[in-house]
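Peer 1: Let the sequences and hints guide you as you build the complete structure.
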Amino acid sequence: MPRLLAVDLDGTLLDETSHVTPRVAEAVDRARRRGVIVVICSGRRYRSMRPFLQTLSLTGYAVAQNGAVIREAAGDRSVACSPMDGGLFREILAAAPVEECPAIAHVDDYAAGLDFVYEGGRRGSPGYERYVGANAATSRPVERLRAFRHPRLIQVCWWDTVERLLAVDAAVGERVG
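In my numbering, the protein residues as written are 1 to 177.
No lab work stands behind these hints, which were simulated from the structure alone.
Hints are all accurate, no fakes.
FRET-style restraints, in silico, Cβ to Cβ:
no. : residue 1 : residue 2 : range
1   : 1         : 140       : 42 to 50 Å
2   : 129       : 29        : 33 to 41 Å
3   : 123       : 34        : 46 to 54 Å
4   : 54        : 174       : 37 to 45 Å
5   : 8         : 134       : 17 to 25 Å
6   : 75        : 140       : 20 to 28 Å
7   : 151       : 19        : 31 to 39 Å
8   : 17        : 43        : 15 to 23 Å
9   : 135       : 161       : 18 to 26 Å
10  : 82        : 11        : 19 to 27 Å
11  : 162       : 17        : 17 to 25 Å
12  : 1         : 174       : 44 to 52 Å
13  : 34        : 166       : 41 to 49 Å
In this text, a Cβ means the ideal position worked out from N, Cα and C, and glycines have one as well.
Peer 2: See below:
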């Protein structure tokens with residue numbers, strides 16, 4: 001009998017409409033009743049994982065942001081954080097065509113209600129605009145993203161067309177590796 005079950009959300013615990021089905025909820029509950037520790041792992045921000053942890057009555061650990069953050073759901077307490085080096089952050093932004101494809105910087109500052117920052121006044125793709133708009137309560141604009149400093153900076157990402165994202169990937173890969 002396994003003692004730990006680490007499971008992804010999207011495409012695993014969640015159906016195609018991003019919901020937990022009764023069958024999945026029962027399977028998770030059955031595992032917990034047998035003493036298995038269930039850990040949700042995701043590339044998502046912890047805040048967007050929280051409703052699913054509650055739906056599944058999971059109070060243990062949650063691994064968020066592709067492993068950069070581990071939180072204890074019972075108290076929303078950060079257990080571990082692997083911050084990104086500030087120099088690497090600035091190097092990535094210097095390499096990327098941010099004028100054409102604005103970036104978002106994610107931080108682990110759940111207690112302060114801050115999940116990410118972005119350059120204010122910058123327009124992006126429709127996906128970028130939807131993401132920033134939908135998360136206005138947990139994000140804030142900064143004047144210059146390259147000048148942004150935070151001790152728990154964990155990720156930089158872009159929302160755009162596949163073509164632009166491939167260009168960002170190529171530019172960053174060529175300069176940073």
